[in-house]
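2 protein chains.
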Amino acid sequence: MRADARLRRPRSGSTLFRNRARRKCLNIPCGPKPFLFRSGVLSESSPILVFGHLCPDTDSVISALAAAELLNGRGIPAEAAMPGPLTPESAFVLRRFSLPCPPRVDSAAGRRVALVDFSNAGQGPADLREADIAAVFDHHRCDGDIASRAPELWLAPVACCATLLAGLFRFYDVVLPPGLAGGMLCAILSDTSLFKSSAATPQDLRAAEDLARRAGVADIAALGADLLTAKADISGCTMRELVLRDFKDFTMNGRIVGVGQLEMPDITPVEPLKGGLLAACAELAAEGRHSVMLAVTDLGREGSLILAASPRPDLFELAFGRPLHGGEAWIAGMISRKSDMVRPLRKAFESLGRNPD
Amino acid sequence: MRADARLRRPRSGSTLFRNRARRKCLNIPCGPKPFLFRSGVLSESSPILVFGHLCPDTDSVISALAAAELLNGRGIPAEAAMPGPLTPESAFVLRRFSLPCPPRVDSAAGRRVALVDFSNAGQGPADLREADIAAVFDHHRCDGDIASRAPELWLAPVACCATLLAGLFRFYDVVLPPGLAGGMLCAILSDTSLFKSSAATPQDLRAAEDLARRAGVADIAALGADLLTAKADISGCTMRELVLRDFKDFTMNGRIVGVGQLEMPDITPVEPLKGGLLAACAELAAEGRHSVMLAVTDLGREGSLILAASPRPDLFELAFGRPLHGGEAWIAGMISRKSDMVRPLRKAFESLGRNPD
Numbered sequence: 001m002r003a004d005a006r007l008r009r010p011r012s013g014s015t016l017f018r019n020r021a022r023r024k025c026l027n028i029p030c031g032p033k034p035f036l037f038r039s040g041v042l043s044e045s046s047p048i049l050v051f052g053h054l055c056p057d058t059d060s061v062i063s064a065l066a067a068a069e070l071l072n073g074r075g076i077p078a079e080a081a082m083p084g085p086l087t088p089e090s091a092f093v094l095r096r097f098s099l100p101c102p103p104r105v106d107s108a109a110g111r112r113v114a115l116v117d118f119s120n121a122g123q124g125p126a127d128l129r130e131a132d133i134a135a136v137f138d139h140h141r142c143d144g145d146i147a148s149r150a151p152e153l154w155l156a157p158v159a160c161c162a163t164l165l166a167g168l169f170r171f172y173d174v175v176l177p178p179g180l181a182g183g184m185l186c187a188i189l190s191d192t193s194l195f196k197s198s199a200a201t202p203q204d205l206r207a208a209e210d211l212a213r214r215a216g217v218a219d220i221a222a223l224g225a226d227l228l229t230a231k232a233d234i235s236g237c238t239m240r241e242l243v244l245r246d247f248k249d250f251t252m253n254g255r256i257v258g259v260g261q262l263e264m265p266d267i268t269p270v271e272p273l274k275g276g277l278l279a280a281c282a283e284l285a286a287e288g289r290h291s292v293m294l295a296v297t298d299l300g301r302e303g304s305l306i307l308a309a310s311p312r313p314d315l316f317e318l319a320f321g322r323p324l325h326g327g328e329a330w331i332a333g334m335i336s337r338k339s340d341m342v343r344p345l346r347k348a349f350e351s352l353g354r355n356p357d
Numbered sequence: 001m002r003a004d005a006r007l008r009r010p011r012s013g014s015t016l017f018r019n020r021a022r023r024k025c026l027n028i029p030c031g032p033k034p035f036l037f038r039s040g041v042l043s044e045s046s047p048i049l050v051f052g053h054l055c056p057d058t059d060s061v062i063s064a065l066a067a068a069e070l071l072n073g074r075g076i077p078a079e080a081a082m083p084g085p086l087t088p089e090s091a092f093v094l095r096r097f098s099l100p101c102p103p104r105v106d107s108a109a110g111r112r113v114a115l116v117d118f119s120n121a122g123q124g125p126a127d128l129r130e131a132d133i134a135a136v137f138d139h140h141r142c143d144g145d146i147a148s149r150a151p152e153l154w155l156a157p158v159a160c161c162a163t164l165l166a167g168l169f170r171f172y173d174v175v176l177p178p179g180l181a182g183g184m185l186c187a188i189l190s191d192t193s194l195f196k197s198s199a200a201t202p203q204d205l206r207a208a209e210d211l212a213r214r215a216g217v218a219d220i221a222a223l224g225a226d227l228l229t230a231k232a233d234i235s236g237c238t239m240r241e242l243v244l245r246d247f248k249d250f251t252m253n254g255r256i257v258g259v260g261q262l263e264m265p266d267i268t269p270v271e272p273l274k275g276g277l278l279a280a281c282a283e284l285a286a287e288g289r290h291s292v293m294l295a296v297t298d299l300g301r302e303g304s305l306i307l308a309a310s311p312r313p314d315l316f317e318l319a320f321g322r323p324l325h326g327g328e329a330w331i332a333g334m335i336s337r338k339s340d341m342v343r344p345l346r347k348a349f350e351s352l353g354r355n356p357d
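Residue numbers (the working numbering), protein chains in the order written: chain A, 1 to 357; chain B, 1 to 357.
Excised from the complex, chain A in its bound form:
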């Protein structure tokens, strides 16, 4: 019991003493024993490895940095990591706001970890189930049994994990450095496709305004344009790298379905690559997935060209209301992977029932 009580004491004494002083100001009667504030149940061990999903997008990389900063600010030692290579967009963001690149991590077994931007075991390192899940910060629906093992869980229906984290910096009264605020602003602009995505919520917009102020970004639209240019950079990449750039596996009615997305102001440069991208989708599908789809999103025309490798193209027609011709279809209005792609696709897969297909 005594040892436990000592462990609960925050590592940095400053919060403790500031709060004892505050309590005195409130005229709350003090007990005879020293008043122990806990900075959270996580303080019981350390350090925590914080990372997002495989094929990390900007939100995953930046939210890992942000969550590590938040945990450290609460007196809980944590360090950011990254289970995949940096995309050109994320590289631009780190450079633009002088942020450190989180080191690569490919294994979680035996580590104490915090997850950002995902809570689905299939989207993390293969040995994630052997990790001790200390916290989850996510903006997706809770999927599987990983999240429920965490003593703290923040799963909010917003478009970007950085929006949730921005709110938590206020909740925990932790100072948000300007550079990190700039990175988080970029994560929101990226995840909402500059607020064109139907997944965007008023909370995302409010967080973006606040983060821009903290980061000293006067022209959000100009930053968004630079971000899009970086995101659309496909030079020097293999077809497989392009499909995997922003790629996630989803379990839909027992089948693994991979969904990648490439966002561009104008998708004309991708037209000649369609055959190669479709072949890369088929290659990834052959590696143990039921289907693989790449959405090449045209932010100017506000829609997506989908390329799908699947033994059941009819499911894609059922989900999106248009038949595939040679594995491809143009879907107007489709921008958000979460709302416009995964949700209807999941429903279509549910129509399969439990039968093998």
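To be clear, the hints were calculated from the coordinates, so they are not data collected in a lab. Among these hints, one or two may not hold up.
Footprint (simulated), chain A over chain B, 3 or more residues, beta carbon under 8 Å [as the list claims (entries may be wrong)]: (1) 59-73; (2) 200-210.
To give an idea of the chain A side of the interface with chain B (calculated C-beta under 8 Å), a few residues [what the hints assert, rightly or not]: (3) W154; (4) F171; (5) D173; (6) Q203.
Ranges between beta-carbon positions, derived for each pair [as the list claims (entries may be wrong)]: (7) A:A126 to B:P77: 40 to 48 Å; (8) A:P77 to B:P177: 34 to 42 Å; (9) B:A221 to A:R213: 35 to 43 Å.
C-beta: ideal position from N, C-alpha, C; glycine also.
Add chain B to chain A, keeping to what the hints say.
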């Protein structure tokens, strides 16, 4: 798809238009189609019934009112309810801040619900598993499979659910009425035993300060004293009612263990009732529980008298480091049910392994 898009539009148009205007101020390029903000995935159906655990304490009653207010403020119709009778403390709080008493609810089957202050199916109405869980706001460890079904989950390691909700009013930019702020302040004072509990965190204290300001409460200590007086009112109650006043069932290593708590500035008036209270514990244990414990907490002496009806009193000795004599023991320093009672008791039960006992 079109019908879905319409559903996503917030019910009150004001947020939508305010945000479109904001977006223009940000100079973010507008698409050709109207810009749809979603107020959250919950807006897809209505209304949501919001309630806390069985034998509701002040935090459960007030957090249900607060979460319903928050959801309504987000454009998601919700109404507070209460799965048990009002305690004298909660009655005092509702009266003191002119808050409505949530109606009684004993069934959740087929309803869309939001849970506050618990996420363990065993602590809710018997048919909770037949409900559609829309959201969970809790400050306890996620227990069981109920919470992971919710599209939004807020599980924070703080001492009081009202602390979490106070943060969410800021996150969602929803106005917090002064009366409700006063009620939430009381919930925090109650759950932290006027900040004497080891479960209290800096977030709880900060929320209390802010809520006091909003509620116009100048003297928090005086309010706390009134609250304690109401909490300690045991007049006209049966022994069973006293054990059940603030009572929760926990599943510990497969066994159901009920833990009740009575908090008083001075427990002298309870001394003559010990035999009756122990008999009520035994009666509740005989109704399908492995063990039942009542902690009578003396906030002046900062400790608890425990009364336990159990076939394995040795587990209580293992948990709390003192033997039970005639089913009772005084444990100095024990105030928080969550940290000081349930946590060590759970560990002691885990030592049983899977063997029947």
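Hints, verified against the model:
no. : hint                         : result
1   : 59-73                        : violated (count 0)
2   : 200-210                      : holds (count 8)
3   : W154                         : holds (6 Å)
4   : F171                         : holds (4 Å)
5   : D173                         : holds (6 Å)
6   : Q203                         : holds (6 Å)
7   : A:A126 to B:P77: 40 to 48 Å  : holds (43 Å)
8   : A:P77 to B:P177: 34 to 42 Å  : holds (40 Å)
9   : B:A221 to A:R213: 35 to 43 Å : holds (37 Å)
Violated hints amount to a single one, hint 1; each of the other numbered hints is respected by the structure.
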